[in-house]
Amino acid sequence: MAEPRSPVSASVAHNPMVPAPEGSTLEVDPMEFTLRKRLPRKLPKRRNDVYVNMKTDFKAQLARCQKLLDAHREICIHGLGLAINRAINIALQLQTSSQGALQLAANTSTVELIDDLEPDDPDEAAEPLTRTRNNSAIHIKVFYPNP
Amino acid sequence: MTGAKDRMREKKMKNQPRNVTYTSSGRGTGRGQGSQACGWVRGHQPGGHSYSQDLPKYITASYFAKARAAEVNAMLKAVSKPAGSCHVFNALPNHMRRRAMSHNTKRLPSRLREGAQRLAERSQRAAEKEKKQLPRSRSRRARRRHGNLLLEFNRRQRKNKWLETHIWHAKRFHMQKMWSYCLPLKPTAKSFRASYRAMNTHALLQDLSYFCCLELQGSEEQMLRALARLTSKQTGPTFAAASCLSGARQGSVHLYKADQFPQGCLGPADFLWRPRVPDASDRQLWIWIHPDLKQEVLSELQLVCQCSVSVSVSEESGPAVERSAGRKRKRDEDDAEEPSKRLLGDGTRPAGAPVRWQSPDTTITISDLTMEIVRYRLIGPLAHVVLTDTLQPASEEPSDAVSLHQQQTEVFQLLRGVCSTAELPAGCVLGLTVDDPRLTLPQKRGKSVPDLQQSAEDDRLRDLRLTGVAAHCSQSALWDTSARERVTHSRLSEQELNRMRSELLVPGSRLSADGQAAVPLLLVHQGGRVRGEERLHWGSGWDLLLPKGWGMAFWVPLVYRGVRVGGLHMSVKHSQFMGQPHFPHDYPDCPAGVRFQSEQEAELLEKFKRRPPSKRTNYIKHGCLAPFCCPWQQLTEEWEELVNLSTENVSCCRTGASDFTVLRSLKALRRLSAWTRPPSRRNSSTLTHATAAALQQECGPSLVWVRLRLLGKGQPALHAMVCAPTTSDLQLLLQDAHSSGPQEPRHKDHLKHLRQHKTSPEEPARAVRGVFPAPLPSVLSHCSRLTLGWVTQGDFSLAAGCGEALAFISVSGLLHTILQQPQEQRGLVLLRNPSSLQYRFARISIDV
Numbered sequence: 001m002a003e004p005r006s007p008v009s010a011s012v013a014h015n016p017m018v019p020a021p022e023g024s025t026l027e028v029d030p031m032e033f034t035l036r037k038r039l040p041r042k043l044p045k046r047r048n049d050v051y052v053n054m055k056t057d058f059k060a061q062l063a064r065c066q067k068l069l070d071a072h073r074e075i076c077i078h079g080l081g082l083a084i085n086r087a088i089n090i091a092l093q094l095q096t097s098s099q100g101a102l103q104l105a106a107n108t109s110t111v112e113l114i115d116d117l118e119p120d121d122p123d124e125a126a127e128p129l130t131r132t133r134n135n136s137a138i139h140i141k142v143f144y145p146n147p
Numbered sequence: 001m002t003g004a005k006d007r008m009r010e011k012k013m014k015n016q017p018r019n020v021t022y023t024s025s026g027r028g029t030g031r032g033q034g035s036q037a038c039g040w041v042r043g044h045q046p047g048g049h050s051y052s053q054d055l056p057k058y059i060t061a062s063y064f065a066k067a068r069a070a071e072v073n074a075m076l077k078a079v080s081k082p083a084g085s086c087h088v089f090n091a092l093p094n095h096m097r098r099r100a101m102s103h104n105t106k107r108l109p110s111r112l113r114e115g116a117q118r119l120a121e122r123s124q125r126a127a128e129k130e131k132k133q134l135p136r137s138r139s140r141r142a143r144r145r146h147g148n149l150l151l152e153f154n155r156r157q158r159k160n161k162w163l164e165t166h167i168w169h170a171k172r173f174h175m176q177k178m179w180s181y182c183l184p185l186k187p188t189a190k191s192f193r194a195s196y197r198a199m200n201t202h203a204l205l206q207d208l209s210y211f212c213c214l215e216l217q218g219s220e221e222q223m224l225r226a227l228a229r230l231t232s233k234q235t236g237p238t239f240a241a242a243s244c245l246s247g248a249r250q251g252s253v254h255l256y257k258a259d260q261f262p263q264g265c266l267g268p269a270d271f272l273w274r275p276r277v278p279d280a281s282d283r284q285l286w287i288w289i290h291p292d293l294k295q296e297v298l299s300e301l302q303l304v305c306q307c308s309v310s311v312s313v314s315e316e317s318g319p320a321v322e323r324s325a326g327r328k329r330k331r332d333e334d335d336a337e338e339p340s341k342r343l344l345g346d347g348t349r350p351a352g353a354p355v356r357w358q359s360p361d362t363t364i365t366i367s368d369l370t371m372e373i374v375r376y377r378l379i380g381p382l383a384h385v386v387l388t389d390t391l392q393p394a395s396e397e398p399s400d401a402v403s404l405h406q407q408q409t410e411v412f413q414l415l416r417g418v419c420s421t422a423e424l425p426a427g428c429v430l431g432l433t434v435d436d437p438r439l440t441l442p443q444k445r446g447k448s449v450p451d452l453q454q455s456a457e458d459d460r461l462r463d464l465r466l467t468g469v470a471a472h473c474s475q476s477a478l479w480d481t482s483a484r485e486r487v488t489h490s491r492l493s494e495q496e497l498n499r500m501r502s503e504l505l506v507p508g509s510r511l512s513a514d515g516q517a518a519v520p521l522l523l524v525h526q527g528g529r530v531r532g533e534e535r536l537h538w539g540s541g542w543d544l545l546l547p548k549g550w551g552m553a554f555w556v557p558l559v560y561r562g563v564r565v566g567g568l569h570m571s572v573k574h575s576q577f578m579g580q581p582h583f584p585h586d587y588p589d590c591p592a593g594v595r596f597q598s599e600q601e602a603e604l605l606e607k608f609k610r611r612p613p614s615k616r617t618n619y620i621k622h623g624c625l626a627p628f629c630c631p632w633q634q635l636t637e638e639w640e641e642l643v644n645l646s647t648e649n650v651s652c653c654r655t656g657a658s659d660f661t662v663l664r665s666l667k668a669l670r671r672l673s674a675w676t677r678p679p680s681r682r683n684s685s686t687l688t689h690a691t692a693a694a695l696q697q698e699c700g701p702s703l704v705w706v707r708l709r710l711l712g713k714g715q716p717a718l719h720a721m722v723c724a725p726t727t728s729d730l731q732l733l734l735q736d737a738h739s740s741g742p743q744e745p746r747h748k749d750h751l752k753h754l755r756q757h758k759t760s761p762e763e764p765a766r767a768v769r770g771v772f773p774a775p776l777p778s779v780l781s782h783c784s785r786l787t788l789g790w791v792t793q794g795d796f797s798l799a800a801g802c803g804e805a806l807a808f809i810s811v812s813g814l815l816h817t818i819l820q821q822p823q824e825q826r827g828l829v830l831l832r833n834p835s836s837l838q839y840r841f842a843r844i845s846i847d848v
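Sequences listed follow chains A and B, in order.
Quick note, the first sequence lines up with residues 1 to 147 if you use UniProt numbering.
Quick note, the second sequence lines up with residues 1 to 848 if you use UniProt numbering.
Just chain A, with the same shape it has in the complex (with noise of 0.2 Å):
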């Protein structure tokens, strides 16, 4: 799965979420807040299935695929956010060499991710504030088909 791009830690002017009981004019001062991403869930893995991200090199990741294709029969890719382009072109390329003696079977799914919004204040937060946000991800089957 790829890592989410660039978890640079960036300032992020958040208002608390406090309800604000009604009728009264209550200022709550906006605190800073420091975004960590967090990894996402890593399903599973089982000997043939590949995860892709956009920080290894391509040809690596192309041989890799290639050799667990001749190992087992058929191999799973999985790609996520940006690197779903990734996925999909080595899954076309890998079909290219086989001259078409593989076959491809695609899902795509959605992948909840959290941040971690860390106050600048440790001292005044309530609780650690969590944000969700998702993304899709793209899952290849390629196998040599039964005859």
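Calculated from the structure, these hints are not laboratory results.
Okay, the calculated beta carbon distance ranges per label pair:
#: 1; chain 1: A; residue 1: K55; chain 2: B; residue 2: S784; range: 33 to 39 Å
#: 2; chain 1: A; residue 1: T56; chain 2: B; residue 2: L505; range: 53 to 59 Å
#: 3; chain 1: B; residue 1: R172; chain 2: A; residue 2: S109; range: 44 to 50 Å
#: 4; chain 1: A; residue 1: N89; chain 2: B; residue 2: A800; range: 23 to 29 Å
#: 5; chain 1: A; residue 1: K55; chain 2: B; residue 2: S299; range: 47 to 53 Å
#: 6; chain 1: B; residue 1: S784; chain 2: A; residue 2: T56; range: 34 to 40 Å
#: 7; chain 1: A; residue 1: A60; chain 2: B; residue 2: S299; range: 52 to 58 Å
#: 8; chain 1: A; residue 1: A60; chain 2: B; residue 2: D259; range: 53 to 59 Å
#: 9; chain 1: A; residue 1: S136; chain 2: B; residue 2: V277; range: 42 to 48 Å
#: 10; chain 1: A; residue 1: K141; chain 2: B; residue 2: G712; range: 35 to 41 Å
Simulated crosslink set (DSBU-like; lysine-lysine; CA at most 30 Å straight-line):
#: 11; chain 1: B; residue 1: K713; chain 2: A; residue 2: K67
#: 12; chain 1: B; residue 1: K77; chain 2: B; residue 2: K11
#: 13; chain 1: B; residue 1: K548; chain 2: B; residue 2: K186
#: 14; chain 1: B; residue 1: K713; chain 2: A; residue 2: K59
#: 15; chain 1: A; residue 1: K55; chain 2: B; residue 2: K713
#: 16; chain 1: B; residue 1: K548; chain 2: B; residue 2: K447
#: 17; chain 1: A; residue 1: K67; chain 2: B; residue 2: K447
#: 18; chain 1: B; residue 1: K615; chain 2: B; residue 2: K752
#: 19; chain 1: B; residue 1: K177; chain 2: B; residue 2: K548
#: 20; chain 1: B; residue 1: K186; chain 2: B; residue 2: K444
#: 21; chain 1: B; residue 1: K186; chain 2: B; residue 2: K447
#: 22; chain 1: B; residue 1: K171; chain 2: B; residue 2: K447
C-beta atoms are modelled at their ideal positions from N, C-alpha and C, and glycine is treated no differently.
Knowing the structure of chain A, use the given hints to seat chain B on it.
Showing chain B alone in chain A's frame:
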């Protein structure tokens, strides 16, 4: 000129007095050789004056006796000690000496026979005496009986304490005595890569019971007020951090001397609050510190909480003297064996030292819980799988808090569904009560694998990952002293267990847990690498906290699940791969760090001196001023001077030499971190001379902890130099991205001529060949590139795939350097090993 003859003469004359002269009056004493009465003197007579003197008219007996007493003593001494060979055999001329005369005295002429016989008797008597003086030790079987072995172990532990798993480690690890503990250093088998793989993909186990635990009890506001003086908000979460205060998370903090931030750093500490009990108003806090820091932190805590009255003293549990004389022990006597093996006190305080302190004013009590709690650390993404395999929640619930136990059990079962330890929020705490893990010990060793089927999407699992464990589930009976002691005493011995196993109807089936006490424990999640951008959450794991006495009962079942075991060496590497400073190696401003550095310097120097002189690296020729010890104070002072000179800010407030500090304030680190990267549109603060000067003013003379990553070839070594590149070096890199870097010209060894002379008595500390003698010349400008700092941990990093180093560099130096660099190449430095002349390019990153 010393020939053989003169040497023999020296040897014979060594007992003779050197400066006895006798005048020609003939009355003096000389050798027994007879009276050569012409004023023969021994010893140098300056001037060569005449020897003869006039005879005195009268002498006083007492004066005469006193003057001659010394000479008489000398003569007696000379006569009584036969120098060199035996005079009996020397009295014979050479042609009459025979080989067999040493043992057959009949070969000697009769006048010499008695002397020879006397000699023979004397040597025989000496031999007998030596033989008799050997103590007769007991037979090996007697020495190795169980009771005697335990007494022997207790005796050996008086100086250096043993951990509970000592014997297991001693058979498989090289042990080292440090901080008055005997700790495992590294395995005897070659297993560095295997341990790294275990940390990366499976699990690694370590015994960390030598960390000291201090417990504070009292009212919350008083404790927070007292502890706020020891920490500072600028370095991150303090003791009052809201997530940790509820007891749901463990926190880590840097301790300083009271009110002295940023000077006076003591070291890092982990802390854990007990979750709030609904009725009680008092709270409990555990602070875990390294044993090297313990005395300093304890005195600071006492100062800050005003706890001076010591309440109770640690008892010495004497070894049990009664033995069962060989018969099988009955079950009711199993307690008597325990005391002989129990540790006498612990390694950081003498037995009999106070253990609890109370304060007359505040309600705070400090207790010292060192070695009361066993701590095991599991590192790796499958650590939770190992734990769920080994631990079984107690089948019979404790009488009170049934529902709590059920909730904790549920959370524990949920852990199976988690795929990697890194998915949980860092620092969450789970309390649990489990059965004795020895009951479910597998027959053979195996390796825990994750359960592939059980990854169900569950709402509760999602909550667990989002918010961690709820605060009330972190409660555990481990916090109560009485509960701990009860559990320690009610432990079954190995003999008992084996007897139960032999009585089983079906051999090999699971032992039943009826009637056995359940063990309360705490599981604390460790976050791994939380700062920086790469390899987040690497090295996360779980800590297991157990009551005293249960160490081996949990260790063996854990090992049977296929974990690798690591020692101190592996924990240093763990910190290195996570990019975090390791205590005490990487804390140069703490007193414990200073002590460690001086010890390390002595060790490295000894190792250096052991090599033959022609095979040693000549650090002078390599231009390396500090291969063994890094002079941080000198570095920071020189950088301050340089920067002040360049900005012509003479009126800057340099109030004498203040001690350097390590920059830990998060805001300053964030700014520096942004400035050491090539600018992207995300970076908000711009780097100008004014802002840099402002930051420098704020920090004072300080060092910053950086991570260096080599761009190409190179493996950084310990104490490699970090240097600032010149503009021509950067141009070189622009032209050729794979260039290897500039080279340092070889220096001249100006101390060579000093070594050519023989030992001059007025120079007591002779310089070691190849090393600069103290005081060092200017550290900054000794080489062709300005020195920024030194590497404290450097190696080829298996995780990154290139050489990585962790170093301290001076803040003023860093700012000075990056101000002069073009924007795209900001953050590039040069790295040079102490035994090499080649500079390598590296990129700095400050992880925040």
